[in-house]
Amino acid sequence: MCTIHITPRCRRPARGQVFLKKLEVKGDSFSFTLPSRLFRLHPAPNPRVIYASDARTQGKVTGMRLLLPSSTDELITTAIWQVSVPDEAPFDVQHVIQWILPSPLASLMSDDTWLWPSVPGTPALSAGDWPVMDTDPSTLRRVRRRSFSIIDNRNRKGYITRRFQCFPLAPLPENRKYDSLPDLVLHPEQETIKCKEKHYSQPL
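Numbered according to my numbering, the sequence shown spans residues -13 to 190.
Below, computed lysine to aspartate or glutamate pairings styled on EDC-like, alpha-carbon distance capped at 20 Å:
| no. | residue 1 | residue 2 |
| --- | --- | --- |
| 1 | K143 | D73 |
| 2 | K7 | D122 |
| 3 | K46 | D169 |
| 4 | K7 | E74 |
| 5 | K143 | E74 |
| 6 | K7 | D78 |
| 7 | K12 | E175 |
| 8 | K12 | E60 |
| 9 | K46 | D115 |
| 10 | K46 | E160 |
| 11 | K46 | D98 |
Taking CB as the label site, the calculated pair distances span:
| no. | residue 1 | residue 2 | range |
| --- | --- | --- | --- |
| 12 | P72 | D14 | 39 to 45 Å |
| 13 | A110 | D138 | 19 to 25 Å |
| 14 | V35 | R148 | 14 to 20 Å |
| 15 | L53 | R142 | 36 to 42 Å |
| 16 | S89 | Q44 | 32 to 38 Å |
| 17 | I86 | Q176 | 26 to 32 Å |
None of these hints come from the bench; they were simulated from the model.
It should be emphasised that the depicted structure is a prediction, and the values quoted were computed from it without experimental measurement.
Each residue gets a CB set at the ideal place from its N, CA and C atoms; glycine is no exception.
Start from the sequences, fold in the hints, and give me the full structure.
Listed below in structure tokens is the structure:
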């Protein structure tokens, strides 16, 4: 049994709001969609970056622990975010991540580089370097790390409407305590949680 710890992240426009509509997950022999009601949105330490976390969690906990239905050689997630900006109709953007998986798969894997152990075989990335969806054209210089691809598609007004990137999941030792790691696991076939859809926004 494998679980992954991932955190959908989106950098909201300077004047506007974002909302996670759903998260699609695909593997070799499975495909499922997690609806918005399973997530709570909250600001990262950088207030323009919004995290989507398991709605049952609170405090310092970020992201979700998701049970994979079966072993897989390929794993792709697609986060569908709705973006609202002044004087524009709301529009959807896609953040597609092809995850680079360890071999063999570990029982617990995470995209949170702050949690990665300093052991041989751990991907050579800096703490805090993780996948995030941008909507506005970035004004920051993008740091390219090894061969991890980022491909952006934009609409006529310059907004990024689809981002594809590759990013590794690193094994985490299960005998350690992680304050930011959810204790609860999301089971794709057991959607029992009910909560209101939530937005995080700044005044327009």
